[in-house]
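There are 2 protein chains.
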Amino acid sequence: MLYNPFSKGSTKLRLEVQYLMNKIPVSKEILDTIFEETGYNPNNLSIRETNRLATLISKRGEFDFVRMEMGIPNLPTPDIAKKAEKEAIDRGLQGIYPPFDGIPELKLAGSKFVKAFLNMNVEPEHVIPTCGSLQGGYISQALAGNMHKGKDTILYLDPTFPVTRYQAKFLGLKSEGIELYDNRGKKLLEAIEQKISKGNVGGLLWSSPNNPSWSCLNENELKGIAEICDKNDILAIEDLAYLGMDFRKDYSEPNAEPYIPTVGKFGKNWVTLISASKAFSFPGPRCGLAIISPRLNKQEFTQLEEFCGRKRFGHAFSLGGLYVTTSGTSHTAQFALTEMLNKSTKGEYNFIEVTKAYGERARKVREIFLNYGFKQVYEKDMDETVGDGFYLTMSYPGYDGTNLMLELMKYGISTITLKSTGSNRHEGLRVCISFVNENDMPVLNDRLKKFMENNK
Amino acid sequence: MLYNPFSKGSTKLRLEVQYLMNKIPVSKEILDTIFEETGYNPNNLSIRETNRLATLISKRGEFDFVRMEMGIPNLPTPDIAKKAEKEAIDRGLQGIYPPFDGIPELKLAGSKFVKAFLNMNVEPEHVIPTCGSLQGGYISQALAGNMHKGKDTILYLDPTFPVTRYQAKFLGLKSEGIELYDNRGKKLLEAIEQKISKGNVGGLLWSSPNNPSWSCLNENELKGIAEICDKNDILAIEDLAYLGMDFRKDYSEPNAEPYIPTVGKFGKNWVTLISASKAFSFPGPRCGLAIISPRLNKQEFTQLEEFCGRKRFGHAFSLGGLYVTTSGTSHTAQFALTEMLNKSTKGEYNFIEVTKAYGERARKVREIFLNYGFKQVYEKDMDETVGDGFYLTMSYPGYDGTNLMLELMKYGISTITLKSTGSNRHEGLRVCISFVNENDMPVLNDRLKKFMENNK
Numbered sequence: 066m067l068y069n070p071f072s073k074g075s076t077k078l079r080l081e082v083q084y085l086m087n088k089i090p091v092s093k094e095i096l097d098t099i100f101e102e103t104g105y106n107p108n109n110l111s112i113r114e115t116n117r118l119a120t121l122i123s124k125r126g127e128f129d130f131v132r133m134e135m136g137i138p139n140l141p142t143p144d145i146a147k148k149a150e151k152e153a154i155d156r157g158l159q160g161i162y163p164p165f166d167g168i169p170e171l172k173l174a175g176s177k178f179v180k181a182f183l184n185m186n187v188e189p190e191h192v193i194p195t196c197g198s199l200q201g202g203y204i205s206q207a208l209a210g211n212m213h214k215g216k217d218t219i220l221y222l223d224p225t226f227p228v229t230r231y232q233a234k235f236l237g238l239k240s241e242g243i244e245l246y247d248n249r250g251k252k253l254l255e256a257i258e259q260k261i262s263k264g265n266v267g268g269l270l271w272s273s274p275n276n277p278s279w280s281c282l283n284e285n286e287l288k289g290i291a292e293i294c295d296k297n298d299i300l301a302i303e304d305l306a307y308l309g310m311d312f313r314k315d316y317s318e319p320n321a322e323p324y325i326p327t328v329g330k331f332g333k334n335w336v337t338l339i340s341a342s343k344a345f346s347f348p349g350p351r352c353g354l355a356i357i358s359p360r361l362n363k364q365e366f367t368q369l370e371e372f373c374g375r376k377r378f379g380h381a382f383s384l385g386g387l388y389v390t391t392s393g394t395s396h397t398a399q400f401a402l403t404e405m406l407n408k409s410t411k412g413e414y415n416f417i418e419v420t421k422a423y424g425e426r427a428r429k430v431r432e433i434f435l436n437y438g439f440k441q442v443y444e445k446d447m448d449e450t451v452g453d454g455f456y457l458t459m460s461y462p463g464y465d466g467t468n469l470m471l472e473l474m475k476y477g478i479s480t481i482t483l484k485s486t487g488s489n490r491h492e493g494l495r496v497c498i499s500f501v502n503e504n505d506m507p508v509l510n511d512r513l514k515k516f517m518e519n520n521k
Numbered sequence: 066m067l068y069n070p071f072s073k074g075s076t077k078l079r080l081e082v083q084y085l086m087n088k089i090p091v092s093k094e095i096l097d098t099i100f101e102e103t104g105y106n107p108n109n110l111s112i113r114e115t116n117r118l119a120t121l122i123s124k125r126g127e128f129d130f131v132r133m134e135m136g137i138p139n140l141p142t143p144d145i146a147k148k149a150e151k152e153a154i155d156r157g158l159q160g161i162y163p164p165f166d167g168i169p170e171l172k173l174a175g176s177k178f179v180k181a182f183l184n185m186n187v188e189p190e191h192v193i194p195t196c197g198s199l200q201g202g203y204i205s206q207a208l209a210g211n212m213h214k215g216k217d218t219i220l221y222l223d224p225t226f227p228v229t230r231y232q233a234k235f236l237g238l239k240s241e242g243i244e245l246y247d248n249r250g251k252k253l254l255e256a257i258e259q260k261i262s263k264g265n266v267g268g269l270l271w272s273s274p275n276n277p278s279w280s281c282l283n284e285n286e287l288k289g290i291a292e293i294c295d296k297n298d299i300l301a302i303e304d305l306a307y308l309g310m311d312f313r314k315d316y317s318e319p320n321a322e323p324y325i326p327t328v329g330k331f332g333k334n335w336v337t338l339i340s341a342s343k344a345f346s347f348p349g350p351r352c353g354l355a356i357i358s359p360r361l362n363k364q365e366f367t368q369l370e371e372f373c374g375r376k377r378f379g380h381a382f383s384l385g386g387l388y389v390t391t392s393g394t395s396h397t398a399q400f401a402l403t404e405m406l407n408k409s410t411k412g413e414y415n416f417i418e419v420t421k422a423y424g425e426r427a428r429k430v431r432e433i434f435l436n437y438g439f440k441q442v443y444e445k446d447m448d449e450t451v452g453d454g455f456y457l458t459m460s461y462p463g464y465d466g467t468n469l470m471l472e473l474m475k476y477g478i479s480t481i482t483l484k485s486t487g488s489n490r491h492e493g494l495r496v497c498i499s500f501v502n503e504n505d506m507p508v509l510n511d512r513l514k515k516f517m518e519n520n521k
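Chains A and B, in that order, give the protein sequences.
The first sequence begins at 66 in the numbering used here and counts up by one.
The second sequence begins at 66 in the numbering used here and counts up by one.
No lab work stands behind these hints: they were computed from the structure.
All clues given are correct.
Computed list of lysine-lysine pairs in DSSO-like fashion (alpha-carbon distance at most 30 Å, straight line):
1) B/515 to B/475
2) A/408 to B/151
3) B/234 to A/214
4) B/151 to A/177
5) B/421 to B/177
6) B/148 to A/408
7) B/148 to A/148
8) A/440 to A/88
9) A/411 to B/151
10) B/239 to A/363
11) A/515 to A/124
12) B/214 to B/330
13) B/408 to A/148
14) A/376 to A/263
15) A/234 to B/234
16) A/214 to A/239
17) A/234 to B/214
18) B/214 to A/239
19) A/151 to B/148
20) B/363 to A/234
21) B/421 to A/151
22) A/408 to B/147
Kindly generate the complete structure, drawing on both the sequences and the hints.
Here you go:
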């Protein structure tokens with residue numbers, strides 16, 4: 066039942082390409098039957114259902130899909146991480162609770178890492194390992210929505226990672242959104258000012274690069290956001306899930322310009338979430354970092370004491386939220402992440418260079434789509450061309466997103482709609498390139514070519 | 066900064082015993098100075114503060130403490146777990162997200178394990194790996210307090226693991242308690258009926274064996290609880306943190322009487338939490354199991370849909386709570402737990418026999434305390450003598466719990482008060498035996514002897 070991304074042999078592939086042309090597109094009848102059998106609603110498919118659907122069509126049609134629906138990493142974990150975690154296991158650390166605010170080694174490594182690559186000045190105490198940066202987002206939202214009376218709404222810069230909105234819901238918080246693509250620069254700051262004017266917003270959450278538009282907030286925007294948040298007692302929650310993956314700039318050298326942009330360089334009301342899933346190909350252990358603003362960390366809030374028995378923000382985060390949800394994250398995995406961060410900081414492991422493989426895949430996939438009449442939905446990042454990263458956003462003339470997604474399914478290509486990611490660009494699809502390997506490229510090419518021939 | 070429980074050499078120890086007698090008890094002045102420096106409140110110490118205090122006195126007094134304040138496991142993780150997790154790492158599974166409702170192997174192993182040792186009949190789909198059984202308790206309480214309108218209170222059988230109450234607070238739920246020691250058998254069921262009569266209780270949570278009284282609910286009590294919960298739409302949350310550690314019975318043979326008692330054999334509204342921390346000496350990876358009642362799993366609740374967008378209980382647990390808090394638990398650790406469960410079920414690894422070491426330590430520590438005039442606070446488990454397990458509860462004539470705890474600190478013995486565990490027996494202490502090794506026994510003996518001499 067495991068993903069086995071590296072197994073597609075080229076011999077099998079060549080055979081596949083030969084007979085594929087007679088099998089795709091699968092008929093509407095087959096698709097209808099599968100929808101009838103599963104009971105899925107074609108207008109409201111979850112990623113998981115899309116995934117299942119692709120598997121069923123794949124079986125029925127006897128061909129492999131080009132899988133682009135899941136936003137999951139697909140590069141091997143570096144050997145240094147394997148070695149470090151195995152050593153920690155040999156030292157018996159499966160048998161000992163992790164300190165719930167993280168092992169000192171990782172807290173120190175994290176503080177040096179964010180100095181080297183984000184030019185942030187924080188102490189080890191401000192670095193809290195969490196069960197994936199996702200847990201850091203959960204706890205941050207919990208605190209954001211409960212630290213000031215009446216400020217129980219989280220504002221998102223859309224499109225956004227859908228789980229962040231589910232988190233707010235589970236926490237009993239309300240949510241609002243601003244479409245990032247229509248609002249950049251000064252216009253973005255104005256839109257935020259307008260949205261928060263009712264005084265009910267406790268947190269502002271965004272991901273940069275953005276999933277899936279790949280827009281990246283620039284330093285002026287981050288500075289403006291920090292000012293707004295500080296002035297209005299709003300917690301800025303910055304999700305760096307795709308750390309350093311704006312490959313238009315070279316962030317690979319530690320302790321040197323350019324640095325990865327972060328809200329952490331401005332203002333005081335922020336938490337920055339550092340994910341290891343993509344940047345370090347380390348999604349399995351659920352181990353990321355939350356970096357808490359030093360000034361916020363020691364600040365005290367009467368409302369937080371009422372909410373979780375801890376007045377000080379830093380205590381509310383670790384002794385409040387982290388302690389009650391999981392009491393820390395894997396002891397042995399923390400040593401693996403420590404090693405990867407330390408080696409990166411010393412310039413001995415180049416995590417940017419490794420993840421560039423994604424950018425390269427995106428470039429090739431983008432060219433194939435554009436060759437066959439597709440349009441890139443989010444093609445600009447302010448005045449610049451958007452970078453090639455982990456996702457592409459595509460549309461085709463005459464189709465809305467849902468119909469295009471279903472039609473491509475018939476051709477053995479799985480994607481999700483932009484609508485389902487909270488985007489207002491309902492004509493488009495989110496295309497994740499992580500599982501498209503070299504052998505898939507000619508298959509994708511043939512299938513899209515056929516799609517275009519049938520849609521002239 | 067790691068605990069290093071196995072390092073006390075006997076040579077060092079013998080030296081220590083020689084000069085100790087001149088150093089303890091440390092003076093009241095030293096203790097006062099330390100309280101002044103730390104700012105701690107002696108009447109309201111957290112476990113963490115007690116731990117820190119012991120370290121400070123230890124440094125000042127230049128002697129090692131007999132550490133009994135932390136309820137943390139202290140047996141080496143079995144080699145089969147090390148091997149299995151290292152193999153999973155070698156297979157590259159740090160690089161792949163875990164399925165967030167658990168790897169199929171562990172779900173299957175869990176269902177066989179609870180059949181073999183608890184005589185429970187569940188399918189793999191009812192077994193959900195979580196980041197420690199603690200996360201299972203968090204999610205269970207979240208659902209319990211939100212699945213029926215107006216039932217937003219969790220009822221605990223006290224004393225209880227303090228974190229469970231903090232969880233309810235973080236979730237915005239109310240809590241009430243029943244002192245278990247005063248209420249057993251028919252009286253317990255009556256006390257529960259009385260407490261729930263207002264209709265505001267959504268969940269009933271207990272741990273068996275109980276932390277720290279080591280009381281164990283019997284099958285009649287569990288059956289009665291199940292009936293009350295089913296009749297009144299209350300979720301029974303059973304915390305088996307110390308699985309099988311009632312050593313008065315021999316639970317070591319799989320698929321044979323006696324079975325470990327569980328609410329899961331009765332009724333339908335229950336979640337049973339299986340911790341691997343103590344039973345499998347596996348606290349580091351944060352990996353436990355939640356077993357969801359098959360009948361409850363597929364039941365639908367309008368209120369849950371409103372709460373977290375999922376109507377079906379099982380979906381609300383995994384796609385609701387688990388997904389938004391951590392999106393699953395360590396991929397590689399799940400293979401280690403799978404291996405330990407499978408080997409146990411096959412009778413190839415005897416986890417009961419291994420954890421009996423704790424019972425043996427408890428017996429020796431108990432005898433030393435009783436020799437020197439201490440009384441066992443919770444000495445009965447209904448009509449039987451309570452078993453020797455992970456904790457002891459002790460008092461000394463003429464002392465209340467806080468003063469006794471502080472006085473023992475001067476003798477290099479750290480414990481916590483029963484009051485701080487939610488017990489109404491304010492005269493007593495909770496004594497955790499996990500870190501008391503063979504070399505500590507004579508030290509403990511000498512110190513308590515001296516304590517008695519000074520308190521005649």
